[in-house]
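Below are the chains, spelled out letter by letter.
Number of protein chains: 2
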Amino acid sequence: MTDNRDILITEVALRDGSHAIAHQYTVDQVLNVAKALSDANVPYIEVSHGDGLAGSSLQYGLSKTDEMKLIEAAVSVAGESKIAVLLLPGIGTLHELKEAANLGAKMARIATHVTEADVSAQHIAYAKELGMETVGFLMMSHMAPVDKIVEQAKLMESYGADTVYTVDSAGYLLPDQVRERIRALKQSVGVNVGFHGHNNLSLAMANTLAAIDEGANRIDGSVRCLGAGAGNTQTEVLIAVLERMGIQTGVDLYKMMDLAEEIVAPILHVPQEITRDSLTLGYAGVYSSFALHAKRAAEKFNVDSRDILIELGKRKVVGGQEDMIVDVAAEIAKARMK
Amino acid sequence: MTDNRDILITEVALRDGSHAIAHQYTVDQVLNVAKALSDANVPYIEVSHGDGLAGSSLQYGLSKTDEMKLIEAAVSVAGESKIAVLLLPGIGTLHELKEAANLGAKMARIATHVTEADVSAQHIAYAKELGMETVGFLMMSHMAPVDKIVEQAKLMESYGADTVYTVDSAGYLLPDQVRERIRALKQSVGVNVGFHGHNNLSLAMANTLAAIDEGANRIDGSVRCLGAGAGNTQTEVLIAVLERMGIQTGVDLYKMMDLAEEIVAPILHVPQEITRDSLTLGYAGVYSSFALHAKRAAEKFNVDSRDILIELGKRKVVGGQEDMIVDVAAEIAKARMK
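Heads up: the sequence lines are chains F and L, in that order. Here this note's numbering is used: the first residue of the first sequence is 506, the next is one more, and so on. Here this note's numbering is used: the first residue of the second sequence is 506, the next is one more, and so on.
Fair warning: there could be bad hints in the mix.
You can't tell identical chains apart in this list, so a pair holds if it fits in one copy or across any two.
To be verified - Listed below are the simulated DSS-like cross-link pairs for lysine-lysine, each with C-alpha atoms no more than 27 Å apart in a straight line: (1) K760 - K821; (2) K821 - K574; (3) K839 - K819; (4) K760 - K843; (5) K574 - K633; (6) K569 - K633; (7) K843 - K691; (8) K800 - K574; (9) K691 - K611; (10) K805 - K819; (11) K843 - K540; (12) K603 - K653; (13) K659 - K569; (14) K839 - K760; (15) K653 - K805; (16) K760 - K805; (17) K760 - K800; (18) K760 - K819; (19) K569 - K839; (20) K540 - K760.
Just so you know, the hints here were simulated from the structure itself, not pulled from any lab data.
Throw the hints in and build the complete structure from the sequences for me.
Written out as structure tokens, the structure reads:
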């Protein structure tokens with residue numbers, strides 16, 4: 506590995522990208538992708554169910570392959586690259602974290618809703634005990650004002666996070682909104698600051714460059730855009746753009762391009778595009794899991810599901826509040842009849 | 506039409522998007538797309554062969570349908586929207602321009618290489634005579650320094666262009682490069698300034714927002730990203746982003762989303778992605794027509810076609826200089842043997 510990298514990339518196609526293929530990764534696919542990523546000198550490779558360790562379930566989607574087998578496979582070919590795992594407290598537990606560490610995972614990314622960093626304390630501390638590098642991952646970062654994000658990031662830092670991430674889970678943030686978040690974090694925490702973007706508004710690259718410009722030095726990308734919604738910042742494209750800008754990632758551009766074209770593209774059943782559904786989620790700023798509920802409610806009340814999602818976004822409805830979806834649909838139908 | 510639009514959008518899916526489907530548009534498809542665009546209140550709809558009027562040829566690709574039939578069809582359903590045509594002097598002639606005007610086309614966009622505005626004089630003047638609104642379209646704008654672009658734009662303004670465009674044909678420009686170009690044009694010309702971006706580096710949206718921030722008020726987009734290379738700024742996504750920013754386009758967001766999903770997506774044989782080839786073109790900053798030549802030369806000399814394209818970009822090789830491609834391949838092969 507080179508040691509003059511300006512930015513350390515975490516490749517998330519084997520975790521976030523799992524959403525794009527309904528969690529159907531096989532051991533062979535993970536071996537091929539992780540090996541090629543390691544050959545291209547990508548420093549961190551995240552491997553887990555799309556919703557983190559232990560995400561495989563009827564609620565979040567069943568994995569085709571036990572994620573521990575996938576982690577083990579990735580570790581076996583990772584070389585100098587480090588395997589990362591994602592864990593959402595409440596879905597994954599300390600048990601899975603330990604199992605992943607025992608298999609050779611070197612980084613634990615503990616993800617919470619942007620206002621709920623306190624639930625990450627135990628997991629971050631335990632990951633440190635296990636000798637892992639730790640990341641605090643503040644999801645749905647558009648849902649909190651800047652000072653709240655700073656407060657939550659400081660909590661994660663106090664628990665032992667080596668890096669705190671602003672995560673634009675819904676692909677909702679505009680570049681200036683990313684700037685103010687990263688700038689505030691850089692001014693307030695002493696650890697690394699990272700950014701994870703989604704492309705629902707075709708702004709993943711713009712937001713990533715804004716984050717880097719403000720001092721973020723940990724960046725997530727997904728090769729060939731494999732990720733939830735419209736996918737993430739496309740890693741091989743990001744490497745090209747950063748090369749053009751003279752920013753060192755240490756990642757081999759040609760190898761990333763070849764991996765994207767020859768190994769990852771054939772895994773995708775449907776190429777990643779910005780569709781009506783993913784655009785709606787990014788515009789509204791809501792969880793992708795709301796989409797299906799909203800469609801059902803829209804049909805029942807004969808309203809446009811987009812109006813429901815936009816209203817849910819305005820009300821900052823979060824996961825667990827799915828009951829609100831039917832209420833909102835009913836209100837829209839009622840208002841229309843007046 | 507609303508009259509408080511901040512930005513006037515030109516939809517190019519029926520012209521630039523023609524590249525994405527090998528110029529196979531049918532009259533029915535154009536009728537459906539143009540009607541839906543008009544219903545969504547898009548002010549300008551461009552219809553022509555991908556390489557402009559009279560582009561249908563063995564060299565540039567044969568159109569399935571005579572473009573005049575497509576223009577006529579689009580005009581018949583355009584309502585308040587205006588049909589635009591693109592013309593590259595040297596490919597199209599005054600004859601085709603007149604024919605298009607007679608069919609009801611209301612805007613002529615005269616496109617030249619960024620350093621060759623002088624060849625547009627006659628065509629811009631003639632379009633004015635025909636009563637058309639006129640646009641000077643400076644292609645491959647990354648290939649000239651800012652002062653050269655200003656000089657060329659002023660020429661177009663002097664010929665009668667109502668608008669001058671910075672065109673990032675190769676999808677090569679970075680947002681700061683767009684900023685400096687648009688800023689200089691705004692300071693130097695009295696007419697409207699426009700921007701046309703391509704997404705090869707996943708920066709079409711970022712570049713478009715940079716252009717608008719610097720005062721561009723004419724913007725090109727292509728619904729569902731239909732365009733050469735990795736496609737253009739995705740129109741329906743742009744409308745959503747501008748709504749979020751409080752910038753008025755007068756275009757109906759839901760109708761654009763529905764059109765993209767229900768009418769345009771089914772036309773595409775292969776969804777628009779950023780592939781190895783389109784990324785290479787954007788990274789190198791060369792004409793898409795060089796790609797095939799470079800692959801052939803790469804095979805002959807056993808070198809990587811990307812190295813050839815990057816070197817051609819550095820040397821600012823332009824269309825008509827295809828002989829250089831083999832020379833460059835030979836040089837790379839020779840240098841490697843040393």
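Verification of the hints:
For a Cα distance limit of 27 Å, the shortest separation of K760 from K821 across copies, 25 Å, qualifies, whereas the shortest one inside one copy, 41 Å, does not. Proximity of K821 and K574 under a CA criterion of 27 Å is satisfied in neither setting, with 37 Å inside one chain copy and 50 Å between copies. In this assembly of identical chains, K839 and K819 lie within 27 Å of each other by CA distance solely inside one copy; the values are 18 Å within and 62 Å between copies. Taking the shortest alpha-carbon separations for K760 and K843, only the inter-copy value of 24 Å comes in at or below 27 Å, while the best intra-copy value is 60 Å.
Within a single copy, K574 and K633 get their C-alpha atoms as close as 23 Å, which meets the 27 Å cut-off; across copies the closest is 69 Å, which misses it. In this assembly of identical chains, the alpha carbons of K569 and K633 never lie at most 27 Å apart, being 30 Å within a copy and 63 Å across copies at closest. In the homo-oligomer, the alpha carbons of K843 and K691 never lie at most 27 Å apart, since the shortest distance is 50 Å inside one protomer and 48 Å across protomers. In this homomeric assembly, K800 and K574 never come within 27 Å of each other (Cα to Cα): the closest approach is 36 Å inside a single copy and 40 Å across copies.
In this homomeric assembly, K691 and K611 come within 27 Å of each other (Cα to Cα) only inside a single copy, at 25 Å, whereas the closest approach across copies is 52 Å. Only within a single protomer do K805 and K819 lie at most 27 Å apart by alpha-carbon distance; the minimum there is 22 Å, versus 59 Å between protomers. In this homomeric assembly, K843 and K540 never come within 27 Å of each other (Cα to Cα): the closest approach is 61 Å inside a single copy and 32 Å across copies. Taking CA atoms no more than 27 Å apart as the test, K603 paired with K653 passes in neither setting, with 31 Å inside one copy and 62 Å between copies.
Proximity of K659 to K569 under the C-alpha cut-off of 27 Å is found in neither arrangement, the shortest distances being 37 Å within a copy and 61 Å between copies. With identical chains, the CA atoms of K839 and K760 are at most 27 Å apart between copies only, with a shortest distance of 23 Å across copies and 56 Å within one. Taking CA atoms no more than 27 Å apart as the test, K653 paired with K805 passes in neither setting, with 37 Å inside one copy and 60 Å between copies. For the identical chains of this complex, K760 and K805 are inter-copy neighbours only, at 22 Å across copies versus 50 Å inside a copy, given an alpha-carbon limit of 27 Å.
For the homomeric pair K760 and K800, the shortest alpha-carbon distance between copies (18 Å) is at most 27 Å, but the shortest distance inside one copy (41 Å) is not. In this assembly of identical chains, the alpha carbons of K760 and K819 lie at most 27 Å apart only when taken from different copies (22 Å versus 43 Å within one copy). Taking identical chains as interchangeable, the C-alpha atoms of K569 and K839 are never at most 27 Å apart, the minima being 43 Å within one chain and 50 Å between chains. Taking the shortest alpha-carbon separations for K540 and K760, only the intra-copy value of 11 Å comes in at or below 27 Å, while the best inter-copy value is 44 Å.
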